[in-house]
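Read off the chains here:
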Amino acid sequence: MSAKTRRIVAGVSGLAATSFLAGCAKDAPQDTWQPKGSNAKIIDDLQQPVFAIAGVVGVIVFCVVVYCIIKFRDRGQAMPEQTHGKPALEIGMTILPALILAGVGVFTFRTVFDLSKTSDTQMVVNVTGQQWWWEYDYPAQPELGITAPIITSGQMVIPVGTKVLLRETSRDVIHSYWIPALNGKRDAVPGRVHTLRLDADKPGIYAGQCTEFCGLSHANMRMETIALSKEDFAAWVANQLADAKSPAENTLAKEGEAVFLNQCVRCHQVNGLKKADGTPAIAAPDENVWSGVAPNLTHLMSRNTFAGASWDLLNKKCRADVWGASSETVGKKYLAGVSEECLNQTDLRRWLRNAPAMKPMYADPTQLTPTNGKYRGMPNLGLSEDDIDKLVAYLSTLK
Amino acid sequence: MFTPGSKFFLGLTGFSIAVCVLYIALVDNATGGAVALLSIATASGLVAGLSLFNRDGEVSVGDTAAPAGAEQLTSSMWPLIATVGFVGVVAGLITHPIVFFLGLIALLAAGTEWLIQSWSEGASSDKAYNASLRGRMLHPLEFPVLALVGLGIIILSFSRVMLAVSRDAGAIIFIVAGAVVLFAGSVFALKPSLKKTLVVGICVASAVGVAASGIAAASNGLRDDLVKAKKEHHFSHKECGEEEGEHFDHLAEGTISMRSNPIATVELRDGKLTARELGVDKVTQTITFPRSNDATIIFRNKDEREARLTAYLGTKAVQDGVVEEVLNCTQMIGIDHEQALTFKIAKPSMASEKPYTLTVPGLEGQSIEIMVP
Chain A
1 MSAKTRRIVA GVSGLAATSF LAGCAKDAPQ DTWQPKGSNA KIIDDLQQPV
51 FAIAGVVGVI VFCVVVYCII KFRDRGQAMP EQTHGKPALE IGMTILPALI
101 LAGVGVFTFR TVFDLSKTSD TQMVVNVTGQ QWWWEYDYPA QPELGITAPI
151 ITSGQMVIPV GTKVLLRETS RDVIHSYWIP ALNGKRDAVP GRVHTLRLDA
201 DKPGIYAGQC TEFCGLSHAN MRMETIALSK EDFAAWVANQ LADAKSPAEN
251 TLAKEGEAVF LNQCVRCHQV NGLKKADGTP AIAAPDENVW SGVAPNLTHL
301 MSRNTFAGAS WDLLNKKCRA DVWGASSETV GKKYLAGVSE ECLNQTDLRR
351 WLRNAPAMKP MYADPTQLTP TNGKYRGMPN LGLSEDDIDK LVAYLSTLK
Chain B
400 MFTPGSKFFL GLTGFSIAVC VLYIALVDNA TGGAVALLSI ATASGLVAGL
450 SLFNRDGEVS VGDTAAPAGA EQLTSSMWPL IATVGFVGVV AGLITHPIVF
500 FLGLIALLAA GTEWLIQSWS EGASSDKAYN ASLRGRMLHP LEFPVLALVG
550 LGIIILSFSR VMLAVSRDAG AIIFIVAGAV VLFAGSVFAL KPSLKKTLVV
600 GICVASAVGV AASGIAAASN GLRDDLVKAK KEHHFSHKEC GEEEGEHFDH
650 LAEGTISMRS NPIATVELRD GKLTARELGV DKVTQTITFP RSNDATIIFR
700 NKDEREARLT AYLGTKAVQD GVVEEVLNCT QMIGIDHEQA LTFKIAKPSM
750 ASEKPYTLTV PGLEGQSIEI MVP
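Those protein sequences? They're chains A and B, same order as listed.
Going left to right, the first sequence walks through residues 1 to 399 as the working numbering numbers them.
Going left to right, the second sequence walks through residues 400 to 772 as the working numbering numbers them.
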């Protein structure tokens, strides 16, 4: 074997080994091969045998091709006799793949119908995508303790072992909702409502990612589904139904509330927040943001992430503690929210200082003609460091 | 060495690159234009390579063709049209954008035709070969464009006729026109021995007839109810009470596209109003509606009288201190009929003094609450 051939063989072998070993990654939260819910298992039950069949066919074809390349390579021999067609072989090579595909098709159709079943739904969540975050609103469902609508973003919380129906739509462009461990993906399309059912076997945090290219920050449009035990879910609901409390007078957080009222409430709603005259502060994102909404921040610190679930509200140590928790303890740790000690101040401050620098967005005030002056994403508000200190103090109170 | 086709595309490649360099040098924020020009250069370079490789797809003709430029050039109308286009562009700059764009289209079309005709006439001394070369380059462009323009004129003319005549007459004209087209097409198909000039004559006469009718109808104006609707801002003032609607499109209930994915279905049956949300297998008196997002509700009338669904969508300030209710509604729906209602609510329910509701005018005590989180 020449040196050149050895180099090629070594390179190809290295590439193959790297690809093979990549399948052994442990920290792979978006692994489709580890289903954690019934619908994901239905998909897995189909994809495992289909992958095996496709693998066997692929290996056979590959081996035959390699055999032919080596066996019949040009060694200066005479051109073999040329024939036109071989009916028996051609018919056989048509019927065999057709039978394989028909077999796969039967099970695929059955899976599709199984996945589309919604008649035994136990809970409904409306999921709306917009550039570049997901909003979840829970309609009132008294049987689950949800006596009034709940609205949140980034992280969707569901009770474990409950069949949850997501009704997906979008406010701007096409997005796609995908939590690999819990179900397949489903597009969220403006003007349409698509349904997707999912449930989780065990409490845990299940990560996902928008899977339809949706613009500048598509890669930063993430989401998590948090499955909690039924008791923990009831506690979460009770907290979400409560209004935010105003901070105590003469505190930094109270000054932050004033900054929030001055700067942030134009787009971000905090339920229970009142203006100086005592009337409720109602956000008007439809006047400022192209999609017409901005995340509701009433219980910001009950979530682990912010800005489209792309940055952590928890610092590294606390995040590892929550995300690495067992299914028995994850609920309590999640419900503890973001304490002052655990708050990832670095990223939150960077965000408040200049959001578009962290997450590419259409937020340059000089280039908003196509959207009639409305932002797509959060602009740089030009906050002073003093205002940022106050805002962080206020946001920390939104448990 | 170089075939006629490859010369042309190589020239285009070089020209595109040169223009691209100039564009980048002279224009600020030139990314989009530079990408477009480089794409043209890449595509034409690729085609040049292919032309060169396969000898323009006609090796025998290309190889045996006599040297270029030996034949006289034919007369051309393109310089005249290019001049008209240029004048249109200049005149459009000071009169109206439409004049500018029509001039620009004429200028670009004439430039393309002129360029390729001139190039093809110099390709060889064989006039027939040159003509076929021109045809190969331009027919894929000319035929679809001419077909589009022709069809556009006929469709526009026919639509003017339909807007000018009464609804009943429109239906009759539509049926008769369809029958005539079907009959003529059948005759042409079954009688292939018909003279080509006769077929062409019938088609041209029909097209001219439609175009002339369209011009006459357009000059005559819209029919009365459309004139009225136009004055009233195209049905924007809807009646949302119990009164009979005068201004609606009475075929709106057939709007399938709006009904393809409703967020909920509201049904009136035996004097009771109920709702059923998409994906939820039970009736409800409250529907959750996404904030700041257009969504559609289907109203289904199973009652024993005509009814309409009216949505109360809050209030809006019309002038200082004066607010009025924002209503949206379906038309009066017949028994066993249904219609879509699409609207958007930008404010959450908590921002409204009164709940957002769906009601049927004249039906007391029945309403569906719209909850906007």
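It is possible that some hints are incorrect.
To be verified - Below, a list of computed lysine-lysine pairs in the DSBU-like style, where the Cα atoms sit at most 30 Å apart: (1) B:Lys671 to B:Lys681; (2) A:Lys333 to A:Lys230; (3) A:Lys202 to B:Lys715; (4) A:Lys374 to B:Lys671; (5) B:Lys743 to A:Lys185.
Just so you know, these hints were derived from the structure itself, not from any lab.
Tested hints:
no. : hint                 : verdict
1   : B:Lys671 to B:Lys681 : holds, 15 Å
2   : A:Lys333 to A:Lys230 : holds, 15 Å
3   : A:Lys202 to B:Lys715 : violated, 48 Å
4   : A:Lys374 to B:Lys671 : violated, 43 Å
5   : B:Lys743 to A:Lys185 : holds, 27 Å
Against the hints set out earlier in the document, violations occur for numbers 3, 4.
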